[in-house]
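A.B. asks: Quick note, the sequences are listed as chains A and B, same order.
Those letters in the first sequence? Residues 150 to 484, by my numbering.
Those letters in the second sequence? Residues 150 to 484, by my numbering.
Hints were generated in silico from the structure; no laboratory data involved.
Don't take each hint at face value.
If chains are identical, the list can't say which one is meant, so a pair holds when it fits in one copy or spans any two.
[Stated by the list, open to error] Pairs of lysine-lysine residues, derived as DSS-like cross-links and limited to a Cα-Cα distance of at most 25 Å, are as follows: (1) Lys473 - Lys167; (2) Lys256 - Lys153; (3) Lys350 - Lys256; (4) Lys153 - Lys468; (5) Lys468 - Lys167.
The structure presented is a predicted model; accordingly, all values stated were derived computationally and were not measured.
Number of protein chains: 2
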Amino acid sequence: MQVKNLGEFGLIQRISGKFESPDQQGFIGIGDDCSVIPKDDLDSYLVTCDTLVENIHFLISNIEPHDLGYKSLAVNLSDIAAMGGIPEYAFLSMALPVETGTSWIDKFLDGLHDLAIREHVVLAGGDTTKSPRNIAIAITVIGIIKKGNIKRRNGAEPGDKLFLTGSAGDSGGGLRLLTEGHENEADQSATDLIQAHNRPKVHTSEGAWIGTLSAVHAMIDLSDGLASDARHIAESSGVSIRIDLDKVPVSESLLIKAGEYGWDVTELAVSAGEDYSLLFAADASESDRIQSAYFEKFGEHLTCIGEVRVGEGVDFYRKGKKVKKPYHGFDHFKK
Amino acid sequence: MQVKNLGEFGLIQRISGKFESPDQQGFIGIGDDCSVIPKDDLDSYLVTCDTLVENIHFLISNIEPHDLGYKSLAVNLSDIAAMGGIPEYAFLSMALPVETGTSWIDKFLDGLHDLAIREHVVLAGGDTTKSPRNIAIAITVIGIIKKGNIKRRNGAEPGDKLFLTGSAGDSGGGLRLLTEGHENEADQSATDLIQAHNRPKVHTSEGAWIGTLSAVHAMIDLSDGLASDARHIAESSGVSIRIDLDKVPVSESLLIKAGEYGWDVTELAVSAGEDYSLLFAADASESDRIQSAYFEKFGEHLTCIGEVRVGEGVDFYRKGKKVKKPYHGFDHFKK
């Protein structure tokens, strides 16, 4: 059997099945956006690792090195945000072909540096090595969190409402433009979508704020796509999730380009991934309070897109009716 | 300019030059075997990252997956040992071609697991992703250390004696056997050398013990080779290092195979790297006490191979005379 038959989540299960996870106070191992390790009486550290590989996660021809440096850090910061924490330290491991230009590297580092400065993240270490062919960027980020603020995937409760920060589908739209020969389109909508893919907004302030809300029971970031990430919450929490497709927020730019090229907006919003919006489940009785406090703090709408129920799996509804079409998220080994 | 012109250490300088290292209590950034981040009043965390890339660091045909899993973790544990710490958590990121066999992955994980169990290290997280061609393994290890025990590269003082745990050159000898068509030799000496390369002994207990000795002023592990690693201590500490080549311990197995194939034993011991012995500088007045305590604790000799002087650079001596031949260690981008 090959890893492509196993798929990403099968592989992760195979790994975690081999290794004991100790029942240690303040420790959380494989299976969430971050691991949690003990720090001191008040705080824990969150640890996350993400790897971007050339020709898998990015094409050199489709992303400026400055954007790639930014994005490589952003995807890791998003995992810290998804647990409710604040990122503190980054560790950068680069595997580079010997022909890699130093000006490319400089721009990559500048992009990473820009985001690190903005988010007060310190580049604390890493590793550099040669690669035979493809660039590979592996980043580890360590964040800090008050013990009581940790938001896992497994706490969603039947009756909770489901919320999404930002919107869904822009990154997928950007990827379609880049890979279907429209990478040079310069109208505002195209620019917005390509930017959403190459230089995603990362919801760090939002995540840290949501972490402080005791009414929030579970959280995840949209990296694999709404269908897949909602399923992670449903499976970890032992619940069913209903998502109302009419409520899933999509941007004006995505609607414009989808109209132009005949894309299925729902497919992009639900299956494409890499949006790095935050998806969370919170006590229904606190919904209004959370939504208005969010708007007051961030000047943007927090959208209720569904609810948590007894049962299992993720169901999609449109105009109150269950949608038959199955939506899937991204699996690194199957696509 | 390309990264091959810059070299590994030029690239690291370029990275660290772009990023501010904050003057934060209890924090040490880029430039040592590990970074140090604050934990609590008593302890700090050590963090290290190392990447192994197929066809650069290993050939699938030359190393059993079980050994590769073991080695991938070992090289990281060695960095924790080199600062005097105790490894606690490992994070495994794997980039795998979709055709990678699950039985290969299982054996890789078993090898990693064996060492993790032996060293009481918990696999706490990581990442899995697709790779277009080569396997890449990036591991981050977090260790713990009492604040007063941290051994850096920069504390060596003129007058210190220089010590080496274990021996040097076996791993380089093993690599020559593997790459020069002798990979199937099964005599004890060949087996020892190939094992030293594919499944290196990692000096974790030794490192943690050396960490407790206040007479030890600087430490590093032999990953790039004695010449290069001694130079790291000399440059960081602003001192000169004298190494007596007659004293550098080499194994019986290395002498036997070197005799058989006409290898330059000194070249292997000084330049080849990947031995993961520990090199440290300690107060000369404590030399005898440290050596006898080491022998009592580990049942092996700790060898004094030279001394620290005022000045700069690393000088090699044989029979009391300075050797003119320059020895270099390993540079990932130049070799």
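A.B. asks: Can you list which hints this structure breaks, lowest number first?
C.D. replies: 1, 4, 5
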